[in-house]
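The listed protein sequences derive, respectively, from chains A and B. If you use this note's numbering, the first sequence corresponds to residues 643 to 1123, in order. If you use this note's numbering, the second sequence corresponds to residues 17 to 103, in order.
It is worth saying that the hints were derived from the structure and are not from the lab. Don't be surprised by glycine CBs; every beta carbon is placed ideally from N, CA and C. You may find that some hints are simply not true.
Derived EDC-like pairs: lysine to aspartate or glutamate, alpha-carbon spacing no greater than 16 Å straight-line [what the hints assert, rightly or not]:
1) A:Lys1013 to B:Asp62
2) A:Lys1072 to A:Asp944
3) B:Lys71 to A:Glu686
4) A:Lys645 to B:Asp62
Negatives, chain A to chain B, calculated, CB over 10 Å [said to hold, decoys possible]:
5) Asn646
6) Arg690
7) Tyr694
8) Arg718
9) Glu743
10) Ile865
11) Ser955
12) Phe1009
13) Pro1021
14) Asp1025
15) Ile1068
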Amino acid sequence: MDKNNQAAHLKKEILIKTIKAFLSDDFGESTRLIPFEMRPKGYEVPYRCCIYKEREILRNRIIASLGFSMEGADERILLSNYAKWATEREKPDEHTLTVLESACKGCVPNRIFVTDLCQGCVARPCLENCKFGAISIVNGKSQIDSSKCKNCTKCIQVCPYHAIVKIVVPCENACPVDAISKDEQGHARIDFDKCIACGKCVSSCPFGAIHEKSQIIDILYKIKQGKKVVAMIAPSVAGQLPCSIYQLKTAFLKCGFYDVLEVAQGADITATNEAKEFHERMNEGQPFMTTSCCAGYNNLVDKHLSEIAQYRSDTKTPMYYSAEICREKYPDAVSVFVSPCVAKKTEAMSNPNVDYVMNYEEMGAMFVAHKIELSELEPSSFDSEASKEGRNFGITGGVAKSVEVADNGNSEVKPHLVNGINKESIRTLKSFAKKGQCEFGNLIEVMCCEGGCVGGNDCLNNVRTATKAINEFTKDSKPIV
Amino acid sequence: MAKVKVKICMGTTCFVMGASELQELMDIIPAKYGDDVEIQGVPCLDLCSTSSEAKAPYVMVDLTVISKATVESVLEEIERKLKNGQE
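Working from the sequences, and respecting the hints, build out all of it.
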C-alpha cells in the first residue's frame, strides 16, 4: 500500500503523542489521557462504529508504542500502568510485531468472486476454462463454488467484462513466507517461527492493525537516567529528512544523545571484507555468492531457504561492525541502531553490542516531540567520514557496487540484483541454490525491500526522492579504495 | 493575472507527517502550469504549533491553508484559485 495513507499518519501521530507524554511532567497520566485528547467528547467518529471503539483502538496503538504485545493483553489494565512498566523493563520483548485484534477487520478470506458486473453472456469463457468445475450458472449468472475453486485466476483472465475479481487479505497477501493466517474469529495471527520481520504486513494493512513494538521509551528513559546513549545511524537515513546527516547529528545531540556514529563506516568494513571473501570463493570455483547485509534476507535464509546458506557471504553486516566500533569507543554506553526497517530489530536481538533499535518513524516522532527544526540546525562533524560506497549501501545495487569497487579489479564481478523479497524472488533464489548456478551473475545482492533500505517499512521519505537525496549527498564523498 | 503562490511546509513536523510525498509537486507544478504558479518548499510555517501535528502536513496556496495536504488537494486548490483569478 502507498505510504501516503491515513493509517500510517495515525500511527506516527500516536508515536509523537506518546513521546510528548514521556517528556511531560507526568508520563503515566499524560499517556492515559491521549485517547481522550485525540477523540474528545462530541468529536466526529472518523473510522470506527463509535467514539468508544475509536478510543479503545487508540489505546491499543499506544500500548504497542510503549513496546508491549496486544496478544493476550488485559483490557482492564490502565495505560498509565503500561507507561510505568515501559520504564521498568530491562530488555525489549522478543517478538517485534503485534496484531491489534480490536483494529483488525477480520477480512473475508482470500477468494475469487463474481461481481454484479457479470452479464450472463452466451460465450461463458469462465465456465469453459475452469479446470476444476468450480463455476456454474445460477439465475443466468456465473457463480463460484469455493470448495472446488483453487484460486488459479483463469476465470478472471478470460472474463470479457472484468466481472470476476480476486478478493485478497492484504496482510496475508503481502507476507512472502505465509507467516500470517486467521484465527477462529478470522483475525490475523503472526506465526513468529515463520516470520522474517520484513514489515510488509505492517505497511499493507489498510486498518493499521499490525504494529511494531517500539523501543523508543526504553531509549528515552536511558537518556533521562543520565546514561551515555550513542546513536548509530544507518546509511539510508541520509535521504529521510529535510537536512544533512551533519544537522541530523546535531538533532540527536539536542535530544540528549552522547554521540552519533555513521553506520556507513561499518558498511565500508563489510564491503572490504566481502570483496576479499568474494575473490576467495570465486578462486575456489564457487558459482556465485549472495550478499549478507539485509536482516530480512538473513531471516529468510535461516528460516526458509537453508539450501542457499552455503552461497551466502559469511561477512558480517554494517550494523555488526558499527556496533563493534561503538563498543570499543564507548564501552559503557547504551548503543542504539537507527533503522529503516523492523527486520533490524530482530538482528539487534542476537547482537550483544546493540542494546536498542529506533526506526525512522520513531526518530522523526522524537524530533517533532522535542520541537526540533532540522533545517535551522548548525551542522556537527563526525570524527571519521565514511566512503561514497558505504554511504550508498541503502540503495538497491549499492552493496554489489561497493563490493565491486572494493575488489578493485581482482575478480570478474558480475552483479545480479534481487530488488525485493516476494514469493517470486524466493522461488528464483531457490532455483539458483538447487541448480548451483545463477545465469545472471556471480554476485547476487539481495534486498528485502524494493529500492533497497530506502524502501524499508519505517522510512519517512518515498523511495524516489530519498534515492535522489542520497546520490546528491554521496557524489562528493571519498571513494572506498 | 497575479501568480498563484504555493508554499509547501518543509518543517520537521510536516515532513515527518507526510510532506515528503508533496515534494512531487515541485516537478508536477512547473510542468503543468509553467509561469502561472510559483512553488517553493519553505521552512516551518509554524501552523503545527497553533493547531496540531494531527493536521500536518500543511501547504499554503496564496493565503489559503490546506491541512492534511495531499498532492491532489493542493492541485485542486490551485485550479480553484486560477479559475477565480480569470473571472
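Okay, the hints, checked on the actual structure:
Proximity of Lys1013 of chain A to Asp62 of chain B is assessed by CA-CA distance (about 11 Å); at most 16 Å being required, the pair is judged to hold. Proximity of Lys1072 of chain A to Asp944 of chain A is assessed by CA-CA distance (about 13 Å); at most 16 Å being required, the pair is judged to hold. For a cut-off of 16 Å, the pair hint linking Lys71 of chain B to Glu686 of chain A stands: about 15 Å separates their Cα positions. Straight-line distance between C-alpha atoms of Lys645 of chain A and Asp62 of chain B comes to about 24 Å, which puts the hinted pair past the 16 Å bound.
Not every CB of chain B is more than 10 Å from the CB of Asn646 of chain A (nearest about 4 Å), against its label as outside the interface. Consistency note on Arg690 of chain A: stated as away from chain B, and its beta-carbon is indeed over 10 Å from all of that chain's, at 17 Å minimum. With a cut of 10 Å on Cβ distances, Tyr694 of chain A stays outside the contact zone with chain B, its closest approach being about 20 Å. The beta carbon of Arg718 of chain A is kept farther than 10 Å from every beta carbon of chain B, the shortest such distance being approximately 28 Å.
The claim that Glu743 of chain A lies off the interface holds: its Cβ sits roughly 25 Å from the closest Cβ of chain B, which is beyond the 10 Å cut-off. Every Cβ of chain B is farther than 10 Å from the Cβ of Ile865 of chain A; the closest lies at roughly 19 Å, confirming the non-interface assignment. With 10 Å as the threshold on Cβ separation, the claim that Ser955 of chain A sits away from chain B holds: the shortest Cβ distance comes to roughly 33 Å. Under the 10 Å C-beta cut-off, the non-interface status given to Phe1009 of chain A relative to chain B is violated; the minimum distance is some 5 Å.
Non-interface call for Pro1021 of chain A relative to chain B: holds, since the shortest CB-CB distance, roughly 16 Å, exceeds 10 Å. Interface exclusion of Asp1025 of chain A from chain B stands, the closest Cβ pair being 26 Å apart, more than 10 Å. With a least CB separation of 30 Å from chain B, Ile1068 of chain A remains clear of the 10 Å interface cut-off, as annotated.
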